[in-house]
Amino acid sequence: MSSDHLYLYGVTDATDLRFETDAVAGAPEVRTVSHGPLSGIVSDIDTTDPERTDEDVERHDEVLRDVLTGDGDRTVVPMRYGMAFKSGRTLKNLLREARPVLRRSLREVEGTVELGVKVLADAEGEADREAVREAAGRFDDASERRDDDELFSDRLVVNRSYLVDRDDVPAFDDAVEAFRGAFGDDVVVQYSGPWAPYSFVDVHIGVDR
Amino acid sequence: MTFLLDDLLLKPFVTVLDVLQTMAVEELYDVEAIRNDLKENQLLYELGERPESEYERRKAELEADLDTAEAAREQYANKQLEVRS
Chain A
26 MSSDHLYLYG
36 VTDATDLRFE
46 TDAVAGAPEV
56 RTVSHGPLSG
66 IVSDIDTTDP
76 ERTDEDVERH
86 DEVLRDVLTG
96 DGDRTVVPMR
106 YGMAFKSGRT
116 LKNLLREARP
126 VLRRSLREVE
136 GTVELGVKVL
146 ADAEGEADRE
156 AVREAAGRFD
166 DASERRDDDE
176 LFSDRLVVNR
186 SYLVDRDDVP
196 AFDDAVEAFR
206 GAFGDDVVVQ
216 YSGPWAPYSF
226 VDVHIGVDR
Chain B
1112 MTFLLDDLLL
1122 KPFVTVLDVL
1132 QTMAVEELYD
1142 VEAIRNDLKE
1152 NQLLYELGER
1162 PESEYERRKA
1172 ELEADLDTAE
1182 AAREQYANKQ
1192 LEVRS
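So the protein lines, in turn, are chains A and B.
If you count the first sequence from 1, you need to add 25 to reach the numbering used here.
If you count the second sequence from 1, you need to add 1111 to reach the numbering used here.
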């Protein structure tokens, strides 16, 4: 790819990363661009307005997950899908201008990952929804913070994101297993992660890209 | 009803008919409801409750509905602007 435009996945503490992967828009490699104490996790792209496809949204998540779970267990402030810059210089400008908020966000989520729990009533709708919601409270004990997401389906009883310390992930796994055991076939549980902590950092970038 | 009263109080030149028309358009082209259906379709597929063929068919159908609803809302909004100017 000849363009020097850069697609940004997220920001981490200053580091020198480079690894081959199936990145957004078909780029073969992810690397970091650093300025001061921060590094942007990037890959090459030929536009500042990338098309949103299911595949590329998935690649965006996968890259962040690779950084999050790879060597060193890095902390990441994730960007939403679709942020690209004209050059390394414009990205470095962002890292300079947004340094205070990015550093604060990194500290807020240091050493944590995001886990997601969705609980659906079974197709026959026999689950005791109140009991399910109450039992889901046990996940709070194994997490730092919780974010209640939208119940976008009539069958959804619980849709929550949790900020979990890496050391507490096994305890959270156990809580999910115990929950599954308690409700059996009455509910369907989707347990996902680890994700970059999208739900727990709120960085709005409004600079000229 | 709150919406109806608020709208009429805030914009005295908006008629009851205008408000009812807006409500009808919002109900007919409920973008949020279609987005929710898309999310539900994805979730049921991921959980293995919806086979891939049905998931793909439903997804295409809902995406087409979403395009139609968004376009209809935009057209309606533009028309409203013209009427009021």
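Just so you know, the hints here were simulated from the structure itself, not pulled from any lab data.
Glycine is no exception: its CB is placed at the ideal position from the N, C-alpha and C atoms.
Among the hints, a few may not be true.
Claimed, not checked - SDA-like mimics (lysine to any residue), calculated; alpha carbons at most 25 Å apart, straight line:
(1) A:LYS117 / A:GLY61
(2) B:LYS1170 / A:GLY107
(3) B:LYS1150 / A:LYS111
(4) B:LYS1170 / A:GLY61
(5) B:LYS1170 / B:ASN1147
(6) A:LYS111 / A:GLY51
(7) B:LYS1170 / A:LYS117
(8) B:LYS1150 / A:TRP220
(9) B:LYS1150 / A:GLY61
(10) A:LYS111 / A:ASP98
(11) B:LYS1150 / A:PHE225
(12) A:LYS117 / A:GLU133
(13) B:LYS1150 / A:GLU54
(14) A:LYS117 / A:GLU54
Claimed, not checked - Ranges of calculated distance between the beta carbons of each label pair, as one might list FRET restraints:
(15) A:ASP96 / B:GLU1174: 37 to 45 Å
(16) B:ASP1178 / A:GLU175: 30 to 38 Å
(17) B:PRO1162 / A:ASP210: 29 to 37 Å
(18) B:ALA1171 / A:ARG105: 19 to 27 Å
(19) B:GLY1159 / A:VAL82: 18 to 26 Å
(20) B:GLU1185 / A:ASP173: 30 to 38 Å
(21) A:VAL82 / B:ALA1175: 13 to 21 Å
(22) A:GLY136 / B:ASN1189: 47 to 55 Å
(23) A:ASP98 / B:ASN1189: 47 to 55 Å
(24) B:GLU1138 / A:LEU176: 14 to 22 Å
(25) A:ASP153 / B:GLU1157: 18 to 26 Å
These are the hints, each one checked on the structure:
no.: 1; hint: A:LYS117 / A:GLY61; verdict: holds (9 Å)
no.: 2; hint: B:LYS1170 / A:GLY107; verdict: holds (22 Å)
no.: 3; hint: B:LYS1150 / A:LYS111; verdict: violated (33 Å)
no.: 4; hint: B:LYS1170 / A:GLY61; verdict: violated (45 Å)
no.: 5; hint: B:LYS1170 / B:ASN1147; verdict: holds (12 Å)
no.: 6; hint: A:LYS111 / A:GLY51; verdict: holds (18 Å)
no.: 7; hint: B:LYS1170 / A:LYS117; verdict: violated (39 Å)
no.: 8; hint: B:LYS1150 / A:TRP220; verdict: holds (18 Å)
no.: 9; hint: B:LYS1150 / A:GLY61; verdict: violated (40 Å)
no.: 10; hint: A:LYS111 / A:ASP98; verdict: violated (29 Å)
no.: 11; hint: B:LYS1150 / A:PHE225; verdict: holds (21 Å)
no.: 12; hint: A:LYS117 / A:GLU133; verdict: holds (22 Å)
no.: 13; hint: B:LYS1150 / A:GLU54; verdict: violated (30 Å)
no.: 14; hint: A:LYS117 / A:GLU54; verdict: holds (19 Å)
no.: 15; hint: A:ASP96 / B:GLU1174: 37 to 45 Å; verdict: holds (39 Å)
no.: 16; hint: B:ASP1178 / A:GLU175: 30 to 38 Å; verdict: violated (22 Å)
no.: 17; hint: B:PRO1162 / A:ASP210: 29 to 37 Å; verdict: violated (20 Å)
no.: 18; hint: B:ALA1171 / A:ARG105: 19 to 27 Å; verdict: holds (25 Å)
no.: 19; hint: B:GLY1159 / A:VAL82: 18 to 26 Å; verdict: holds (21 Å)
no.: 20; hint: B:GLU1185 / A:ASP173: 30 to 38 Å; verdict: holds (31 Å)
no.: 21; hint: A:VAL82 / B:ALA1175: 13 to 21 Å; verdict: holds (20 Å)
no.: 22; hint: A:GLY136 / B:ASN1189: 47 to 55 Å; verdict: holds (50 Å)
no.: 23; hint: A:ASP98 / B:ASN1189: 47 to 55 Å; verdict: holds (51 Å)
no.: 24; hint: B:GLU1138 / A:LEU176: 14 to 22 Å; verdict: holds (20 Å)
no.: 25; hint: A:ASP153 / B:GLU1157: 18 to 26 Å; verdict: holds (24 Å)
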